[in-house]
Amino acid sequence: MTMTAPGNSNGPVISVSGVSRWFGNVVSVSDISFDVFPGITGLLGPNGAGKTTLLRMITGLAATSEGQVTVFGESVRNNPELYRRIGVMSEHEAVYDFLTGRNFVQFAATMRGVADAKQAAAEAIEQVGLTFAADRKMGGYSRGMKQRMRLAATIVHDPELLILDEPLNGADPRQRVHFQELLKNLAKQGRTIVISSHILEEVESLADRVLLIVNGKLAASGDYRSIRAALNERPYHVRVTSSDSRSLASGLVKLPEVEAVNIDPDGALIAQARNVLALQMALPKLALESGVRLVRVEPLDDSLESVFSYLVGD
Amino acid sequence: MGTLYWISVRQLAGRSRMIIIGVLAIVPVLLGLTISLSNDAPTGSDLDGTMIALLFGAAILPIITLTISTAALGNDLEDRTLSNLTLTPFARWAIILPKYTASITVAALPLLASAVIALTLAYEGDSKAVLAGVAGMALALAAYSAVFMWLGLTTGRALGFGLMYVFVWEFLFTQFVSGLRFLSIRAYMVGVVRGIDDRRFADQADKIISMPVSLAVLVALTIIFTALAIRRLRTMDVP
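These protein sequence lines map, in sequence, to chains R and C.
Mapping of the first sequence onto my numbering: residues 1 to 314, in sequence order.
Mapping of the second sequence onto my numbering: residues 1 to 239, in sequence order.
Please keep in mind that the hints were generated in silico from the structure rather than gathered at the bench.
Errors might be hidden in some of the hints.
Pairwise CB distance ranges (calculated) [as the list claims (entries may be wrong)]: (1) C:TYR5 - R:PRO173: 17 to 27 Å; (2) R:GLY73 - C:THR3: 27 to 37 Å; (3) C:GLY14 - R:ILE270: 50 to 60 Å; (4) R:GLU81 - C:LEU31: 37 to 47 Å; (5) C:LEU33 - R:SER65: 38 to 48 Å; (6) R:GLY24 - C:LEU33: 53 to 63 Å; (7) R:SER65 - C:TYR5: 30 to 40 Å; (8) C:LEU131 - R:THR131: 46 to 56 Å; (9) C:ASP198 - R:ALA115: 51 to 61 Å; (10) R:GLU81 - C:MET236: 30 to 40 Å; (11) R:SER65 - C:SER127: 54 to 64 Å; (12) C:THR3 - R:LYS188: 25 to 35 Å; (13) R:SER75 - C:SER127: 54 to 64 Å; (14) C:THR3 - R:SER65: 27 to 37 Å.
Idealized CB from N, CA, C, for every residue including glycine.
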């Protein structure tokens, strides 16, 4: 596929201004504003945070209850011509099982007005590494293969803006790496890519900028590294089950990285530490020195929800 | 639009759906065959009432159309493939029209084939009677398809509402309240049939809506509900 460099513009590619969306009494997205520029932007948030609703408003699939969304400076709602410049991959595995992968991508190319749909489809399928399966019906594809073929259909018209909702769902580790490399290459060519995920690590290696959505609100935005640094400073709770919690606790409280130690009713030890990496290193060493056998070590607040709660100061 | 038309035909002509429609389409043919072989052949007015108004008009035609047309966009909504169509530079009418014509194609082939064979057998090869029946059904098919396609895009319970309209409103209510026939596609179909062949429905002539009115209303319904479907696709939130 010939990837042409998108037109240079100083304005934001996507501008979201005071956008809210409610369904009856339920507020799904509340007064969110941000701009998106070329490069990869990660839209992060726990399940149910409002990411998909926000993306649906950005792509024009859903109307806003309040506020305005513009893409390339134009209102995206009821503006079909804009879709020549946008590629959207929704979170749903929306494919036609009776079509072969090649026919599906070719159909997507035709629907987007690509002059040589056949050639464009072949090149897009090549990019996602599925040429070997292109002539098989999609009904027989694995979930990961469907996702990759959907990505091919998303990029087949060489769009300047890619909006991908949970695109790595169902992909195996090898496919994830391939997928991430492909997106990085597309971004290097000057494209704007918005990728949503509820998995922090998924976005970590990809996004230059992160938008954190929690409970329908924009909880944080900015450079990924600064957000990650803030995350590393938050207190972690680790539950340790061992052969002798009391001996281990007396050793742990002496460690500078440990802020507090409690023993729960089950006899397991709960350690609170700022620097979780240091605790991970020190714990086995301490157990060995104290002659204590470690049975189980588990983080108590590693979920994305707890990370976001920390960031928004709950 | 051609590609979308063929994809839609393929989507709608799923195996299980076509088996059900095939079975429905065979019923009038079997009845026609029985009538043609019977020694006590029914009179023309019996045939009009049984074959055209009752079997085709109140059952086969609306059920086949309902099954296909509510799925024309309803299936895309249900399996979430509608965004594959709306996230394209195509104007909304350019999505609706291929969908509409595809649903007409898939419904018309078994329905009209069944009508031609069944009516030919029942009316003993009377070509004017067959033409009147087929023309009335074709026009009603166009109107039903537009209405049911819009319904499929508007509600997830399109089949239920459609069945209520066909059986409760068109079949039941119009029998008791004569004025309600003006809100019945079936009544306009009968109007077209009688308009083409005035020997048909001769015993109910005073209750039949005139041919010009029937034609005008069926065409108007087709246009209005296709336009409503376009408008709906433009304003709705696509899942």
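Structure-based check of all given hints:
Distance hint check for C:TYR5 and R:PRO173: the Cβ-Cβ separation is about 41 Å, which falls outside the suggested range of 17 to 27 Å. Remark: the range hint 27 to 37 Å for R:GLY73 to C:THR3 is upheld by a beta-carbon distance near 31 Å. Separation of C:GLY14 from R:ILE270 is about 57 Å and conforms to the stated range, judged on CB atoms against 50 to 60 Å. Under the hint 37 to 47 Å, the C-beta atoms of R:GLU81 and C:LEU31, about 53 Å apart, miss the expected range.
Checked against the hint of 38 to 48 Å, the pair C:LEU33 and R:SER65 fails, with Cβ atoms roughly 60 Å apart. For R:GLY24 and C:LEU33, the Cβ-Cβ distance of about 56 Å falls inside the hinted range of 53 to 63 Å, so the restraint holds. For R:SER65 paired with C:TYR5, a C-beta distance near 36 Å keeps the hint of 30 to 40 Å intact. For the pair C:LEU131 and R:THR131, the supplied restraint of 46 to 56 Å holds, since their beta-carbon distance comes to about 54 Å.
Distance hint check for C:ASP198 and R:ALA115: the Cβ-Cβ separation is about 56 Å, which falls inside the suggested range of 51 to 61 Å. Between R:GLU81 and C:MET236 the CB atoms are about 19 Å apart, so this pair departs from the stated range of 30 to 40 Å. For R:SER65 and C:SER127, the hinted distance range of 54 to 64 Å is satisfied, since their beta carbons lie about 60 Å from each other. A hinted range of 25 to 35 Å holds for the C-beta pair C:THR3 and R:LYS188, which are about 33 Å apart.
A hinted range of 54 to 64 Å for the beta carbons of R:SER75 and C:SER127 is consistent with their spacing of about 57 Å. Between C:THR3 and R:SER65 the beta carbons are some 35 Å apart, a value that agrees with the proposed interval 27 to 37 Å.
Comparing the model with each numbered hint stated earlier shows that hints 1, 4, 5, 10 do not hold.
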